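Participant: Residue strings, one per chain:
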Amino acid sequence: MLKSIKVRASQGSQFIPDPRQANPAGYRGKPVIADRPCDSRCTSCQTVCPTRAIELDPARIDLGRCVLCGDCEPACPANKLTFDNDFKTAATERDALVVAAARPSIDPMKVSTALKQRFGRSLKLRSVSAGGCNACELEVNALTNVNLDIGRYGIDIVASPRHADGLVLTGPISRNMAQALQLCWDGMPDPKLVIAVGACAISGSPFEDGRALDRHFLERFKPSLYVPGCPAHPLTFISGVLDLLGIES
Amino acid sequence: MGPSKSTVMALTRELAPLSLDAWAEACGKSLGAGGRLVALFGRAEGEEIVVTAVLQSPGTGLGVLRSRAPRGARYPSLTARFTSAQMPERELWEQTGLVPDGHPWLKPVRFEGDRQQRMDEYPFFCVRGHDVHEVGVGPIHASVIEPGHFRFMCHGERVAHLEIQLGYQHRGVEAMLLRRPPLALTTTIESIAGDSSIAYAWGYCAAVEALAGLQLRPEVDLVRGVALELERIAMHLVALTGLATDIAFLQGGATYGRLRTAIINATQRVCGNRFGRGWLRPGGVRHALDETLRGDLLQTLEAFGKDFLEVNELMLAARSVQSRFQGTGTVSTQAAMDIGLVGLAARASGVPVDARWDLPGRLYSDHRIDTFTESAGDCWARMRLRMREIEESLRWVNRVVATPELELSSHALERFGPLYPDTLCVTVREGFRGPVVQALETGADGRLLHYKVQDSSLFNWFGLAQAVRENEISDFPICNKSFDLSYCGNDL
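These protein sequences, in sequence, are chains Z and E. Residue 250 is where the first sequence ends in the working numbering, and the numbering goes up by one at each step. Residue 480 is where the second sequence ends in the working numbering, and the numbering goes up by one at each step.
Calculated from the structure, these hints are not laboratory results. What you are looking at is a predicted structure, and each value in this text was computed from that prediction instead of being measured. Treat the hints with caution; some may be incorrect.
[Unchecked claim] Chain E stretches covered by chain Z per the calculated footprint, using a threshold of three residues with CB under 8 angstroms from any CB of chain Z:
(1) 8 to 20
(2) 123 to 134
(3) 140 to 151
(4) 182 to 189
[Stated by the list, open to error] Where chain E lies over chain Z, by a calculated footprint (3+ residues, C-beta under 8 angstroms):
(5) 6 to 18
(6) 58 to 65
(7) 141 to 152
Glycine residues also receive a C-beta, built at the ideal position from the N, C-alpha and C atoms.
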């Protein structure tokens, strides 16, 4: 009993009061493209990018493909590319995940009235890893730890698809997992939504050369929320879902 | 002769290929003399398969045996005499079509190549008898974890056998690694098993550095060593959190969970990512440890260490924890050796194997890290061992980071020349689960001919199946968590 009290006293208060206002020190979260010219013949950043996330003229980076490795930063002779720790990069549209000098941040999300009405007070999520490397999975798990405590917003991870309102998809969707993913989705009652978590789920990009993917699922069911990152930071997830559902923090 | 190295190289033309039978016999001889089969792989070359076995003999480090054989050739299975070869031989058969004659359990490892999407064809072992029933679980599980199928064959509550079918995570990694330039693979390597990014990235970097003849300053290895131990601490904490949560020991779960947050956030402050991605690159480290970061790390670890010991004491003293873990999911020392367990699972069953100790190289010879064993081989032993390993990792990182004479703050990555042609390089790094083996072979033009990746999980999943025997299904979650194996590391 005394031991337990001691541990409790050391634990103190660990939760992040307002996840939207968090400041994750050191996090390489969002590319920042400086608004200055660079040699139009130079393709150094594109060459080093492992996931073809960079387009040029003008330079822009697709967070749906970017694995936030930072390899482009030292490669750019014009020092045009840096990263900051902005984690609010989730979006409701695939096209909205692109940053450029003229569009330095991901647009603030519009609250979905329909989703807010249905799930604003209670959202139960079923996680499916379909080729995920266990990094996004661990970050989804972290949502329920004492630091992030997503349960305080009425959001929970549940065991059965029958109990779920939303499917949290991680991984690039391996062919061997495609059928099980579909079965899980079919087992969820309507209305339901998909949340694509991590660069793999959003675009398959880190693994699309592997030729062992089957991404038809996402052609049939468009995600309501894209949570980029490699892995997706739990703060990106939580602020994205709260914004989508108009939940105050 | 220096300490056994965790990176070995050989010119492929000096690896005189044996006939397949002679090769199998030589492998058997090495295994019979107490050697271990570290990795087994093959690649197609025209109408032939080039087979390579990497063996570790006691006291002599890593060695390589090579053979060439026509496609579809057969050889006397090693598994018939050495159970530990069962998984590597299955993998070799699945990837190359070479048939180990007399293999008692020749089944697909991960349903790759032409077998993709044929998961329902898996030939499960079948237990027959009055009142025998089967319980199938997965591929999707109740919690947020990777997919895999577990089939329990039970008599009443007693599990007679568990068969584990994996492959759902197969992304075609090995083939993909050959489609990009050999120095541009780090981000892919970091995502093979994303919870072991550092162990994988280090093994890969060491391999291409050796293949380019680069000699790195010892300090680079020290920073990489620090990164690896931080990964070990963080991931052992995942297992401890899971173990506590699975038996509803909630205070343990809550405390280990937030302690892990402190460690991975410290990793993020060093390299920008909670999983250490972007930290290591061929030629060095992209993020060194300057004075500020060293002070930050020491402070984090000090606060961590105190609370960690406190919650361990609570967990170990709780009778509810003892009663759930002690005697549950036991793998005896003999069984562990027979089935060839590696890494933490082996050590928890009393088998002293650890690449940081057996293949210490320069780094771990100059900076010793202790490695431990437990004798019981049960869930308790695997839990206890994780606690002890975290404590030792803390001591090691503290020692390195707090020694001001060690210069850890250099930044520039070494420049690369071309890779040596016709060379095979094998690296072994002890990740938190066990050895991560990577073998790279270059062709005449210095490009990669083969990239073989092998996670310790390939060997250890069978250990979990053994551990569950004679237990109840309700003990499966804690057995599984106590092993904490990788699905994607197995499935590639």
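Participant: Against this structure, judge whether each hint is valid.
Facilitator: Results for each hint:
Coverage of the stretch 8 to 20 of chain E by chain Z is violated [criterion: at least 3 residues with CB-CB distance below 8 angstroms; count 0]. Note: the stretch 123 to 134 of chain E has 7 residues with beta-carbon separation from chain Z under 8 angstroms; the three-residue rule is met and the coverage holds. Check on the stretch 140 to 151 of chain E: 0 of its residues sit with their Cβ under 8 angstroms from a Cβ of chain Z, so the three-residue criterion for coverage is violated. Counting residues of the stretch 182 to 189 of chain E whose beta carbon lies closer than 8 angstroms to any beta carbon of chain Z gives 3, which reaches the threshold of three, so the coverage claim holds.
For the stretch 6 to 18 of chain Z, the proposed coverage by chain E is satisfied: 6 residues have a C-beta within less than 8 angstroms of a C-beta in that chain, meeting the threshold of three. Counting residues of the stretch 58 to 65 of chain Z whose CB falls under 8 angstroms from any CB of chain E gives 0; the rule of at least 3 is not met. Counting residues of the stretch 141 to 152 of chain Z whose CB falls under 8 angstroms from any CB of chain E gives 6; the rule of at least 3 is met.
The structure is inconsistent with the numbered hints 1, 3, 6, although it conforms to all the rest.
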